[in-house]
Amino acid sequence: MNKTLLATTVAAFAIAASTGLAAARDQIQIVGSSTVFPFTTAVAEKLGQGGKFKTPVVESTGTGGGIKLFCSGVGENTPDFTNASRAIKDSELETCKANGATPVEIKVGFDGIVLANSKAGTVVDLTKEQIFKALAKNVAVDGKVVPNPYTNWSDVDASLPATKIEVLGPPPTSGTRDAFVELVMLEACQDEVKAANEKACPEIREDGAFIEAGENDNLIVQKLEANANAFGVFGFSFLDQNADKLQGHKVDGVEPTFENIASGDYKISRSLFIYAKKEHVGVIPGIEEFIAEYTSDAAWGPEGYLADKGLIPLPDAERAKSAEEAKALKGMGS
Amino acid sequence: MTDTTSTTMGAAIRPRSIHADDAAKARLKKRYAAEQRFKWIGAAAIAVSALFLVLLLSTIVTQAWPALRMNYMTLPVDLSTAKVDPGALGSVNYDAIIQEALAAKIPDATSRQDRRLVRGMISTGAGLQLRQDIARDPSMLGKTVDYAVPVDDFADLYLKGLLAAKGSVVPLQSAVTVSADSGDVDLGFDKGDILTFAHAAGATEGENGVLNLTSGAASLLLEVNGGIIKLTEVSPAANDGSTAKGTVIVRPQGTAQAAGGAAKLRVIDAPESSRKISDKEIVWLEGLKGQNLVESRFNTIFFTGGASREPELAGVWGAVVGSFLTMVVTLAIAFPIGVAAAIYLEEFAPKNRWTNLIEVNINNLAAVPSIVFGLLGLAVFLNFFGLPRSAPVVGGMVLALMTMPIIIIASRASIRAVPPSIREAALGIGASKVQTVFHHVLPLAMPGIMTGTILGMAHALGETAPLLMIGMVAFIVDIPGGFTDPATILPVQIFMWADFPEPGFQQKTSAAILILLVFLIIMNAIAVILRKRFERRW
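Those sequence lines, one after another, are chains A and B.
Here the numbering used here is used: position 266 in the first sequence is 266, and no number is missing along the way.
Here the numbering used here runs 334 ahead of the position in the second sequence, where the first position is 1.
Among the hints, a few may not be true.
[Said to hold, decoys possible] Example chain A residues on the side facing chain B (calculated, C-beta under 8 Å, incomplete):
hint, residue
1, E59
2, E105
3, K144
4, Q241
5, G310
No lab work stands behind these hints, which were simulated from the structure alone.
Quick reminder that beta carbons are idealized off the backbone N, C-alpha and C, glycines included.
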């Protein structure tokens, strides 16, 4: 018994060794944002289906984590692309350059952040100010900054329904939360709150009115179905895919639809990016083809398969420009 | 019976013993009551946990059930040499061939948008599948063959009754006239029953009782003269009749008046704007179903395919292979090292402060959160040794670190359970210490060690957290072929599917959970069998 066991062990190690740890990587590695993940994976699969290249491996590490890995250097052990739901920061770009990596920025589209509820509930028309008042930790009442006193939407504004404020949203680790805070909470921050403490603006109340529902947007969708009064905050693609169960609320009078986000009328939207590592072009096979696939109209065009997955395409002119720049592999800051 | 008890028994002449008075009876009653209560609480606890288990399993099974079957559309695909050049199979547009075959089945879809909808009804992987099948079986070439392609995920959900399923088909009492056989048409009804349906559909009422069906109302599809017309507006007319406007989806055969009861009305409760499948697609799918071109088959793709972003093409095989490779590495590392450590500590090591310290630390290690092992793996295996990301060899090593303490503890316990008499007998007839251990103690302890190992492995099989840091939580389409190929594992696949927005993945998630559970149950069953059949008790 022991001999067979020993033999299996040795065999296992032999296989592990023989598959060649030192073989050059022939498969693209992609890391980064979980928001861009559904789109990049679709492109990766398409590239693999072409049959010329192995399907790229796509990890969902979050924007920050992805850029950190991406910028950690040049070579087989570093990823070739990173997905980002925001533009790279200057500090990150510096790290990148210090480590010898030159990112090529490709803006791939937009993502809207929607407030939605179950079809059983009512649609409301919110303003950013109202959202701030409903969700901020500290708000100004009669010129004084106090902990958020509102319990019902009707307390925030008389035009809103008299239902309890109950918003399911992503936790602070999420890129969606970052964008929501940036596009709503910071922008609509009341002057009194800002004057009292600049740092208080992005703070979201923790008294139970805002419920952190985890990174999994599907979970939020399910909870909304069960509770008609609750609102949810998540990416547009989840509203799009669950259109039979959910309805999006208007923000500043604009409905969150594909067209309105694409045209920029719906204000809570952000740009999505992928960054390619210039140094890896020609070293890891398939990078240029991957970029070409991503920036083809069949993928990111208004009728491409990424639009079917919920990506909101760039305007035609910008798309053409972005595709051209991507093809030229123009490195950042070079 | 000893003397003392018999004397107390004999002393029962005393009328009131402390075991027979009222207080004692009350005490006894109370004790019995407490016993009963405890039994009830125990039984209730079992019942509650059994209930939860049944609830959990039945939810998963019912949710997973639809994923085990999939709908295929059989189309006459033209593979004549004019379309497919046998010399250049790689450069043929197979998707176009399939779409052409489908378009021929749906002659009513002529506009560009309609064509796009038709294209969207079959899976984007259909062309790839055809290419692979031709490569496998070139005898298909040169003729038109009936070929089954998977349908798109939303069409599949509709056909399974999971999307836009609520609705009804009812015969219409009115006689119906149609003004034309294509485009936008006017309809005349000699009764008003269509108005009732329009009201029930949630139509918005305008001037003169005109009912508008275009914004947020249920869909009304009128089947008349073999054609299908989607109603957009219904209004009352003279003599209790009514008129309607509509768009032709399927061209009717002629514009003769249909007698009362001949026309049928299909109502789809969910408004078209709020579902991912349009009225046209539903009509076409029903039409294809009527021609027996759509059939539900066992979902082999799910069991043989790798990951995919299209729910209908996604399979667990890649993750199963990844899990297997990872487990092989884990076993190959954790088992020999764990057992060797256990033998040394139990049989050879002197009992001193150092071995005590090691023992305490092994127990501590078993309680360390698994994510910590992932961080360790990232720091040591990836960053220091430079091993590849997302590889089962690294995953296996990390999980081996996690499983090792469990194996050591289980192995030590079962080695300790071997009675000293065995060792003494072996030593007594002149066996060396090593011979004693390997010839006598270890074989007797093996069933226990195996049980512990399998349970440890089952534990490792369900882990995702440690693999997060080393890049195994990733979208990997290609099925891994070796220990250094990028791979993912079953729990990670489940986690990722649960996170995808497409509703088609929900059933896949449950089905994958079911597969993971089956693996765990098999492993635990093996552990139980080993224990029952080979374990010796002394």
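**Study point:** Enumerated hints in conflict with the structure, sorted upward
**Key:** Result: hints 2, 3 break, sorted rising.
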